[in-house]
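Asker: The primary structure of each chain is shown beneath.
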Amino acid sequence: ETGVTQTPRHLVMGMTNKKSLKCEQHLGHNAMYWYKQSAKKPLELMFVYNFKEQTENNSVPSRFSPECPNSSHLFLHLHTLQPEDSALYLCASSQGRIVEDTEAFFGQGTRLTVV
Amino acid sequence: GESVGLHLPTLSVQEGDNSIINCAYSNSASDYFIWYKQESGKGPQFIIDIRSNMDKRQGQRVTVLLNKTVKHLSLQIAATQPGDSAVYFCAENILLGGQNFVFGPGTRLSVLP
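Protein chains in written order, with the numbering used here: chain A, 1 to 115; chain B, 1 to 113.
Please keep in mind that the hints were generated in silico from the structure rather than gathered at the bench. Here the structure is a predicted model, which is why all the values come from computation and not from measurement.
Straight-line alpha carbon distances no greater than 25 Å define the calculated BS3-like cross-link-like pairs of lysine-lysine that follow: (1) A:Lys22 to B:Lys42; (2) A:Lys18 to A:Lys52; (3) A:Lys52 to A:Lys36; (4) A:Lys41 to A:Lys22; (5) B:Lys71 to A:Lys41; (6) A:Lys19 to A:Lys40; (7) A:Lys52 to A:Lys22; (8) B:Lys56 to B:Lys68; (9) A:Lys36 to A:Lys19; (10) A:Lys36 to A:Lys22; (11) B:Lys71 to B:Lys56; (12) A:Lys41 to A:Lys19; (13) A:Lys19 to B:Lys42; (14) A:Lys36 to A:Lys18; (15) A:Lys41 to B:Lys42; (16) A:Lys19 to A:Lys52; (17) B:Lys42 to A:Lys36; (18) B:Lys42 to A:Lys40.
Simulated coverage check for chain A against chain B, where a stretch passes if three residues somewhere in it have a Cβ under 8 Å from a Cβ of chain B: (19) 43-52; (20) 106-114.
Here are the computed distance ranges between Cβ atoms for each label pair: (21) A:Ser65 to B:Pro105: 21 to 29 Å; (22) B:Met54 to A:Glu84: 39 to 47 Å; (23) A:Thr55 to B:Glu15: 38 to 46 Å; (24) A:Gln82 to B:Ser40: 21 to 29 Å; (25) A:Lys18 to B:Gln58: 43 to 51 Å.
Beta carbons: idealized from backbone N, C-alpha and C, even for Gly.
The shape of chain B in the complex, shown without the other chains (with noise of 0.2 Å):
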């Protein structure tokens, strides 16, 4: 787990319990969000995005929130795993403008047994 940053907010939850993991993004021009999820030792991997078209979108236990008005994406995990231990990041990106994500610093999930 060394590949992310030492002072990263962290997240402990019960096993079982919801989370949400918060993200302000930074370009009110972005219309294309994704969260990644960043194991010990592998490189991040896509969970779920989402377009400004949409302010809700689901996935299999997952749910992403975007409000625009105040910049801010958020990640709810239902029912959560010890497997879901790991650091989350979002990503923003602008389609058909430019294809350069730009991610934030990321949230470190810790699932508590």
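Chain A extracted, bound-state conformation (with noise of 0.2 Å):
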């Protein structure tokens, strides 16, 4: 285990569903992130967040929504997405810019596949 946890491991949804990616860390970092794993493209990254302040939207569409109440926590809210969106959404956590080591730590990632 990571620190980061994920749920659900597991999510398929309809195009008109709206639901939630819930991630976790319990490891006391400041900065969280989502990145999206598909077939036909490395890591990218959707989202940063730094002292619950989003910092990046890496040109994301409006269909991915992303929260963060508090340092812990992250949420992706889903809505009217498309099949295309099908991938593997990692969250991340790291202490941040400022101090020495700042490797991300990953979640088991949420499979989601849009039908």
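Two independent chains are provided; combine them into the complex using the hints.
Answerer: This is how it looks when you write it as structure tokens:
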């Protein structure tokens, strides 16, 4: 276990559904990330939160909506997704940009299938 | 193992042999590099890191080499074992300048019995 927990592990949703992915980290980190890993591309950074503030939105469509209520929790709200959004969504956390060790710890991911 | 690309470079090695996985990074300003291992059905896991003021760092059975001149990183695994079969990613970052790790496409390592 890496200290980063994602739920659910698997999710199948229709294109008209609304669902949310959850990430929780128990490492005391200040930065949290959403990544997308699909069959055709390397890991793609989607969103970055640093001290609960969104510091990066990597040109992600608005059908993906992140939420970071506190430094330990990160959500990704999904609505009206497309089949091409099917992928593994990975959450990660790190200390942040200031300190020495900025290794990112990843969760197990949520395997999302849009039908 | 469906979490990785269909067209990943693949390295096949015999059990017990040494493996060398290569990575070309993109940003000459990057000063911190990590190798991650991703096993089937799991998220990436940290293996070893190196800062740009070093050109070599050793861990347990693994060695990372950094050549800043040609922006090249390699991961050497000694005495490769079946449990080493996974996809390996390099990631680059800029300490004190940004916190957004940029990942390479990954290499699939297959260990043959």
